[in-house]
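With the hints as constraints, model all of the structure from the sequences given.
Top to bottom, those sequences are chains A and B.
According to the numbering used here, the stretch in the first sequence is residues 1 to 465, in order.
According to the numbering used here, the stretch in the second sequence is residues 1 to 465, in order.
Read the hints as simulated data drawn from the structure, not as lab findings.
Treat the hints with caution; some may be incorrect.
No copy is singled out in the list; a pair is fine if it fits within one copy or between any two copies.
Calculated cross-link-like contacts (lysine-lysine; reagent style PhoX-like; alpha-carbon spacing at most 20 Å) [unchecked claim]:
id: 1; residue 1: 174; residue 2: 373
id: 2; residue 1: 177; residue 2: 73
id: 3; residue 1: 177; residue 2: 145
Chain by chain, the residues run as shown.
2 protein chains.
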Amino acid sequence: MATMASLFLKTPTPSSSLPKTQKTLFIPPLSFTVPSHPTSKTRLKARISCGLIEPDGGKLVELFVEVSQKDAKKRQALALPSIRLSNIDLQWVHVLSEGWASPLKGFMREPEFLQTLHFKSLRLGDGSVVNMSVPIVLALDDSQKQRIGRESSVALLDDQNNPIAILKDIEIYKHNKEERIARTWGTTARGLPYVEESITNAGNWLIGGDLEVIEPVKYYDGLDRFRLSPSELREEFTRRNADAVFAFQLRNPVHNGHALLMTDTRRRLLEMGYKNPILLLHPLGGYTKADDVPLSWRMKQHEKVLEDGVLDPETTVVSIFPSPMHYAGPTEVQWHAKARINAGANFYIVGRDPAGMGHPLEKRDLYDADHGKKVLSMAPGLERLNILPFKVAAYDKTQSKMAFFDPSRAQDFLFISGTKMRTLAKNRENPPDGFMCPGGWKVLVDYYDSLAPSENGKVPVPLAA
Amino acid sequence: MATMASLFLKTPTPSSSLPKTQKTLFIPPLSFTVPSHPTSKTRLKARISCGLIEPDGGKLVELFVEVSQKDAKKRQALALPSIRLSNIDLQWVHVLSEGWASPLKGFMREPEFLQTLHFKSLRLGDGSVVNMSVPIVLALDDSQKQRIGRESSVALLDDQNNPIAILKDIEIYKHNKEERIARTWGTTARGLPYVEESITNAGNWLIGGDLEVIEPVKYYDGLDRFRLSPSELREEFTRRNADAVFAFQLRNPVHNGHALLMTDTRRRLLEMGYKNPILLLHPLGGYTKADDVPLSWRMKQHEKVLEDGVLDPETTVVSIFPSPMHYAGPTEVQWHAKARINAGANFYIVGRDPAGMGHPLEKRDLYDADHGKKVLSMAPGLERLNILPFKVAAYDKTQSKMAFFDPSRAQDFLFISGTKMRTLAKNRENPPDGFMCPGGWKVLVDYYDSLAPSENGKVPVPLAA
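Shown next as structure tokens:
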């Protein structure tokens, strides 16, 4: 992962060594520390005000307990009623702990939940408004609620029953699942992946409160070092003297059309007068539906694409965005954009039908392909963000490469959809030359090969790359 | 209707005579003209800035064509493709024409529709935000869309095919009914009254544009004179030197608990230092579901209650709010409040479960009874409005009258729900003395008597009072 390591950067904690790379573009200064360190935070704040866009609420929220407090907090947690977290719950603890959802300080209490459902935004104490479009909530069932009783704090446990965090000053309120689903997805049709995974069988109560995170969330999948926090990303952008940061959210393999778009965006920003626009290439790393390509394979594919040299390592930062995926279209794209503001991005590239999918029951897309872009551009709390609409790229048969679609010679272009791409890879067929670098394509083919043949018609369980 | 006329006031048009009343509290000045008259509007504006709360967007929108232009506009309309309006469509034309939805200038185009669905608010050109929680839209089917073709204006016709208005600079866009319903009601369950009445069988397109209203909407039901426009209400509040206006939305018969609440609210406002708080008692006059008491009977009931002298005519204005009812709970209560700002109200009384109803399929209320109040208090664009939560009134058996509930002697109180009240009236039974004045109760009993006996189990068709 030579080239990869130069782009996919993770600040080592003081006790770990740097990844061994041929060409390290990101050498942490001696004073560089883990994100929860107060000195680091103070220094960061001063830097942010010099250049990068301010986090929502004016201050990046980080919810880690001081290192010196860890043992005491762990002991405190062990004496509290506890809730064991699901994988998605844990991903949200990760998201909250690093401040992607700033200024949220923990799982939503009812006022935040209601504002999110109804207004996709939160009004702060000073009257200002920040965007918040998807509920970040923790569900409880009746017996858990009873067990908590009148306690004001609970411990949150991982799947090994280790205390990960304390949720304090808690509020327990009703979880109206039907209303939550309808107002978030604009449908209540059965078959929405996040709903089936995380809501349908969840309890009828929600618990909100302030998080004190004892153990930073790790996945031990070989990719943790690529999971930079907003604070770490801001450090990196500052170190590179970025005067503009443009974020590209993705959950699919990268083809040359994407690369063209990213290169072209940088060119446009330079034309606008920016001196050093930096690309944040930001694959989503949390829960995705069963037929999406898993993160480990996507990261392998991104690596090959980057080795191909299409993107300039000097002006690109690749990192993993820890959020789970809702597939909630125009509602979710606001979350994707807002979280990137907190990581320092002031430009956001939005594509056709962002965070969309097919309707689970009807033969149509769930969302109008243009609504994501339109809703994003009108969303409260995102006024500071520059929205860059995706230019349509397609395969130009006359040049044998991906190019921006020119309607005046439509017949020269071939559109290769995600479905088409997946079908080709599954059948071990090759796309046209110039659609994707051969190394990247091979990763896709290998992934589909790795799936055990489906004998019962169900989607096979993906294997780690 | 002696007392009634002193409260239910409608500005006569210059060609009509004043209602004959024993005691007219509202004598229009000589210069008083129909709301569309420019002189009246200019004068009004100066007055508003002196005292009453400003309309949303800073200016009350009125969409009537000048009297001198009427004939020309009618001729123009007859040459345009046309859309025949349903009753509910016509109610919305009424609402829009008088500026209840200011600053909307007509049926929503897609940007307003999307902002309403997603954010319950509209961002104006100057960056300010106004509340707008229910879509005010006009649906088209494929053949209507085809008939309009590339025309930029259409004529809107009433059920006699008379041109009522022109909709100009039109935009036609997709009507995703499922998404509209889910995001407005927080459910897609079958059996939502407004949905069944107005959406389920509507076309798959929406048409937005600016309205030019040729004929003010009238219903010729003997109640038109009680339908004051926001401009007329503002004139009236100004004439009475109101320094606070508190609005009470209702769609049910008034009992003595309501009266107590209204009287008590005035007392509290006086205590707060206001010198002349005026009550806007504002029954909803548009579409309601089949088992609600029809407007004509409610107005008869209100008349009797007012004759009883519970409310002071000097400080009360009774008028009809022309909007149709959505039964969309926390979403709709925002619309009810916002429209009253446009009519000059700066205080809004909100009850338990406002605009709520039973879940159409499940044995529970559709909305949490407290959500309406909570959502209203956090709604964008309503920051200027003072929300007055409803104090719970119940029948105090020790005093034989309605009183504010005192939890320390709960056993002394009797709660009489709307359902209980309707059941008593249907069975010609009397409620406890002091619950409602006998005259008002008799109207209710007469209403249920007037319903043809239901032989097939269906709700009988209500008769006009």
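Homomeric proximity label, residue 174 with residue 373: Cα distance no greater than 20 Å: between (33 Å within a copy, 16 Å between copies)
Up to 20 Å between alpha-carbons, please classify residue 177 paired with residue 145: within, between, both or neither. within (17 Å within a copy, 37 Å between copies)
Residue 177 and residue 73: within-copy, between-copy, both or neither at 20 Å Cα: neither (33 Å within a copy, 50 Å between copies)
Checked against the numbered hints above, the structure breaks only hint 2 and satisfies the rest.
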